[in-house]
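Colleague: Protein chains in written order, with the numbering used here: chain U, 1 to 578; chain V, 1 to 315.
Among the hints, a few may not be true.
Here are the simulated DSS-like cross-link-like pairs (lysine-lysine), alpha carbons at most 25 Å apart as the crow flies [stated by the list, open to error]:
1. U:K451 / U:K516
2. U:K237 / V:K291
3. U:K237 / V:K298
4. U:K389 / V:K65
Some chain V residues well away from chain U (every beta-carbon gap over 10 Å; in silico) [what the hints assert, rightly or not]:
5. E59
6. V91
7. V181
8. P234
9. M248
10. Y314
Chain U is nowhere near these chain V residues, computed Cβ spacing over 10 Å in every case [claimed, not checked]:
11. S34
12. R60
13. P80
14. G87
15. D137
16. P177
17. G273
If you are wondering where the hints come from, they were derived from the structure by calculation, not from laboratory data. All figures in this text were calculated on a predicted structure; none of them were measured in a lab. The C-beta atom is built at its ideal place from N, Cα and C for all residues, glycine as well.
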Amino acid sequence: MDQLDLTIRIAGENGEGVLTVGDVLAEALARSGLHIYTFKNLPAEIKGGASMTQVRVQDTPVRSPGDALDILMVWNQENYDIHVGEVKPSGVVIFDPDECEADESLALTQIAVPLQKITKTVIKTMKSKNVLAFGILTTFLGIPVEAAKQMVAESRWGRRKEFLESNINALKQAYIYVADNDIDLGLSVPVNQRNGHAQLIMTGNDALCMGALAAGCRYYAGYPITPASDVMETLAKAMPRVGGVLMQTEDEIAAITASIGASFTGAKVMTATAGPGLSLMVEALGLATMEEIPMVVVDVQRGGPSTGMPTKTEQSDLNLAIYGAHGEAPRIVIAATNTEDCFYTAVKAFNLAEKYQTPVIMLSDQHLSQRAQVMSRPDLSRIEIVERKQPEVNGSVSPQEFDRYEMTDDYVSPMPLPGRHGQHYVATGLEHDEHAHIDYSPEAHIRMTEKRHQKIESAVNEPGFVQRYGAEDAQLGLIGWGSSEGPILEALDRTLAKGYKVAALIFKMLQPLPEKEARAFIESIPVVSVVELNASGQFANYLQGRLAVSLKRFNIITGLPFKAGDIEEYIEGVLQYG
Amino acid sequence: MAEVRTADAEKTGTTERSGDEGRVVKRKLKDYRSEVKPTWCPGCGDFGVLAALQRALAERDLDPKDVVIVSGIGCSGRLPEFVNAYGLHVVHGRALPAAQGVKAANPDLTVIAVGGDGDGFAIGGGHVPHAVRRNQDITYIVMDNQVYGLTKGQPSPSTPTGMQALRRSVSMPKMAPYEGVLEGQLNILAMVIVYGCSFVARTFSSQATEMAKTIGRGLDHPGFAFVHAMSPCPTFYNTYDPWKESFMPLPEGWDTGDRIKAIDMAMEEVGDGVFHSGVFFQEEYRTYTDKLQDVYTKAYGDEQATIDALMDQYA
Ligand SMILES: Cc1ncc(C[n+]2csc(CCOP(=O)(O)OP(=O)(O)O)c2C)c(N)n1
Ligand code: SF4
Ligand SMILES: [Mg+2]
Chain U
1 MDQLDLTIRI
11 AGENGEGVLT
21 VGDVLAEALA
31 RSGLHIYTFK
41 NLPAEIKGGA
51 SMTQVRVQDT
61 PVRSPGDALD
71 ILMVWNQENY
81 DIHVGEVKPS
91 GVVIFDPDEC
101 EADESLALTQ
111 IAVPLQKITK
121 TVIKTMKSKN
131 VLAFGILTTF
141 LGIPVEAAKQ
151 MVAESRWGRR
161 KEFLESNINA
171 LKQAYIYVAD
181 NDIDLGLSVP
191 VNQRNGHAQL
201 IMTGNDALCM
211 GALAAGCRYY
221 AGYPITPASD
231 VMETLAKAMP
241 RVGGVLMQTE
251 DEIAAITASI
261 GASFTGAKVM
271 TATAGPGLSL
281 MVEALGLATM
291 EEIPMVVVDV
301 QRGGPSTGMP
311 TKTEQSDLNL
321 AIYGAHGEAP
331 RIVIAATNTE
341 DCFYTAVKAF
351 NLAEKYQTPV
361 IMLSDQHLSQ
371 RAQVMSRPDL
381 SRIEIVERKQ
391 PEVNGSVSPQ
401 EFDRYEMTDD
411 YVSPMPLPGR
421 HGQHYVATGL
431 EHDEHAHIDY
441 SPEAHIRMTE
451 KRHQKIESAV
461 NEPGFVQRYG
471 AEDAQLGLIG
481 WGSSEGPILE
491 ALDRTLAKGY
501 KVAALIFKML
511 QPLPEKEARA
521 FIESIPVVSV
531 VELNASGQFA
541 NYLQGRLAVS
551 LKRFNIITGL
561 PFKAGDIEEY
571 IEGVLQYG
Chain V
1 MAEVRTADAE
11 KTGTTERSGD
21 EGRVVKRKLK
31 DYRSEVKPTW
41 CPGCGDFGVL
51 AALQRALAER
61 DLDPKDVVIV
71 SGIGCSGRLP
81 EFVNAYGLHV
91 VHGRALPAAQ
101 GVKAANPDLT
111 VIAVGGDGDG
121 FAIGGGHVPH
131 AVRRNQDITY
141 IVMDNQVYGL
151 TKGQPSPSTP
161 TGMQALRRSV
171 SMPKMAPYEG
181 VLEGQLNILA
191 MVIVYGCSFV
201 ARTFSSQATE
211 MAKTIGRGLD
221 HPGFAFVHAM
231 SPCPTFYNTY
241 DPWKESFMPL
251 PEGWDTGDRI
261 KAIDMAMEEV
271 GDGVFHSGVF
281 FQEEYRTYTD
291 KLQDVYTKAY
301 GDEQATIDAL
311 MDQYA
């Protein structure tokens, strides 16, 4: 085995505990110095329905959920039928012979393990079925029983001492069963490089919450919505510990306007939602642009339109994020690429909001927000934090002389804060002049429109939001944004290794558009294709409109994330057959 | 500049400003006038509400830098522009959530939300019960003219139904074929009392002194204070004459601590064709800020957690 790369899927009835098995396995492997990437596919129901969880494990950072399965464990017939087709020819299926019948015609290694029966007759506590399943997996992965015991003890199964003994017993039964039946897959996943708690295991939503707090977010308002609710839940626990305020509002309109109110006083504010909520926020987003109020709005995209597919992933809110406004209301739109990047993109979102006094929409998506990955603990002393431009405290300028919307070189004006600065003014969504007085004259509207647009346009010079990868003399270029970075780069590496000349350009800033980099990339490569998880090619259309070029597209709309293999095949297809 | 308020000053409204020794001259109504002249039609009731609010602010000698007036859209929503203080003029119907964000982020500020009957009880009606539930120390003045003024005369949720409107010989030409409106009239005051609001009062823009006093009591009330400020729109729905007749003070010795009585009164007066002015109900409940303070004390005692410490849960 050269590079470690295993994709393991566990599938069963939702609510049965398969998710716990996946979570514990992922955490245990991560604590053993390995890199993990989880992927869950859940029904929208609270209980019932087929659900699955998947862990991909590598010894280097994992970039995509994994293609075909190396190991599939199913707890019942329904899940066997759903998933068995995704197992690699060299893969293994573990099934419960009392719950399901294996298809003998398949050329796969299929191993019967009577999970239900062992739990009932040998372990005798049904709750321990999860631990038994976990033990079967660790045995097959070649993890020594002592190491596996430590994993259980450190997991949620070890937290309650009174259950620890029976859980360890369940684990032992797994090892006994496998030894008795002489099963050996020949795997030996190296778990001796223990890093314990040195690395963080986070989902995208966890990471963005921590990034927001690190950036100074102390006010959050939100309304529950899948898959953004856990942002509010995480912050609900954290905010009181840092003296912040978390408000669960009556709807998203209240969430965004309350955030505007809080930011008006100088607080760093955030609200997170998904597409339906962002739709409701559109009017107030324009207000924040008009009044030049800093704020971060996170949109964890899910399958749309309407209520759509709440538990599925898609990159389909880009149009709404960029254009969703009446009148012309420019704002900054950025997208995070992976878990670790959710942390740093959240920090940047706050910095941009404060620096440019504007709403910043940060795009994430269901898959990015829910999957767990390993990341290095951020060094908070090295994170740059930007504060908003304010007038001098105790300054002598009277409110009558003060220009809240003063025309400055960078189009950003000092913002007085109630309670702090004597330069009180009235922020209004009506068109106004420099002095914040209502003014519908052509001159005022022209000047203020320019101020609002130029300010945002100048943010295109912020470093680190667009990156090129791959061959200099590429024949095919892929353009991606946000969370498709991982699978695109993995596919790029695979195809480069096969000798194809390919390159990729990944955007994390979508508005303002880094036009220079986009144009240089598109003009230097014969064929360029935009890879995104939506039907209409929203980013491709946007690029075509802005750059007057013609682009190929590669879109999937399965509600599932890209697999590196999908993109690899696409690259080969284009380069072989055009 | 920190303000030191003594127990006595509390009563008299006198404030000593530290670093400003010797200046015990109180601010006057004109100190709360901005350089922007009101754009309302001559005779608009909103002039009365503006003056009453300015007077209440002057009586409390509040520093304009510590006052934030939040409004939605409507003729009434223009009020913050005319006051020398901080103002936040948001979108239609959202004055309350914005005001709550202001107060939550800085509880030391005096926060006042203002707006029309349409702004507060049509498009923004969903926010009222929640503002009441949060009971932040905010004064909400609804300037009720029973019509949409800014959009020129359409009915609002508080427009009387059908014949009732006609009996008062007040016309709403845009609704002529309907003889008023088909929908029932919302009893704004009763609703707010039923929601559980900790301070509910009504006042009339033509009764200047009374209105300033009522708004002042709302400002002094520690919690969410609802002031139903009847404020006629002579241009589109001139209710001056009937309202002058139907306004009367709450009965002598009115018990402001009885919510059920307050509801009864708010329900009955409609049938009687009267408007009572004064404080219908008032009781002090713990505010959102008070409760949050308890949460803080429990969560970290004297010392806040570092972000590093928060990240430990993921290690
Ligand atoms: C979302 C939205 N819908 C409609 C309007 C148009 N509009 C502005 S003010 C208003 C109603 C105003 O009535 P009210 O709140 O009673 O205020 P008044 O003018 O009577 O003081 C309407 C419908 C708007 N500004 N925004
Ligand atoms: S239209 Fe009516 S409410 Fe508006 S300013 Fe004129 S009188 Fe006042
Ligand atoms: Mg009105």
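Colleague: Compare the structure with each hint and give your call.
Modeller: Verification of the hints:
1. Taking the CA atoms of K451 (chain U) and K516 (chain U), the gap is about 22 Å. The hint holds against a cut of 25 Å.
2. Taking the CA atoms of K237 (chain U) and K291 (chain V), the gap is near 16 Å; set against the 25 Å cutoff, the hint holds.
3. Restraint check: the Cα-Cα separation between K237 (chain U) and K298 (chain V) comes to about 12 Å, which is no more than 25 Å; the hinted pair holds.
4. Distance check on the hinted pair: K389 (chain U) and K65 (chain V) sit about 18 Å apart at the alpha-carbon level, within 25 Å; holds.
5. Distance to chain U confirms E59 (chain V) as a non-interface residue, since its nearest Cβ pair spans about 19 Å, more than 10 Å.
6. At roughly 5 Å from the closest C-beta of chain U, the C-beta of V91 (chain V) falls inside 10 Å, breaking its exclusion from the interface.
7. With a minimum CB-CB distance of about 26 Å to chain U, V181 (chain V) clears the 10 Å threshold, and the non-interface call stands.
8. With a least beta-carbon separation of about 23 Å from chain U, P234 (chain V) lies farther than 10 Å from that chain, consistent with its non-interface assignment.
9. Taking the minimum C-beta to C-beta distance to chain U, about 36 Å, the non-interface status of M248 (chain V) holds against the 10 Å cut.
10. Interface exclusion of Y314 (chain V) from chain U breaks down, the closest Cβ pair being 4 Å apart, not more than 10 Å.
11. For S34 (chain V), the condition that its CB be more than 10 Å from all CB atoms of chain U is violated, with the nearest at approximately 8 Å.
12. Remark: the non-interface label on R60 (chain V) is consistent with the geometry, its nearest Cβ contact in chain U lying 16 Å away (cut-off 10 Å).
13. Listed as outside the interface, P80 (chain V) is inconsistent with that label: its C-beta sits roughly 5 Å from the nearest C-beta of chain U, within the 10 Å cut-off.
14. G87 (chain V), annotated as away from the interface, has a beta carbon of chain U within 10 Å; the closest lies near 3 Å.
15. Distance check on D137 (chain V): its Cβ is at least 14 Å (rounded) from any Cβ of chain U, clearing the 10 Å threshold; non-interface status holds.
16. Taking the minimum C-beta to C-beta distance to chain U, about 32 Å, the non-interface status of P177 (chain V) holds against the 10 Å cut.
17. Distance to chain U confirms G273 (chain V) as a non-interface residue, since its nearest Cβ pair spans about 34 Å, more than 10 Å.
In the structure shown, a violation is registered for the earlier hints numbered 6, 10, 11, 13, 14, in ascending order.
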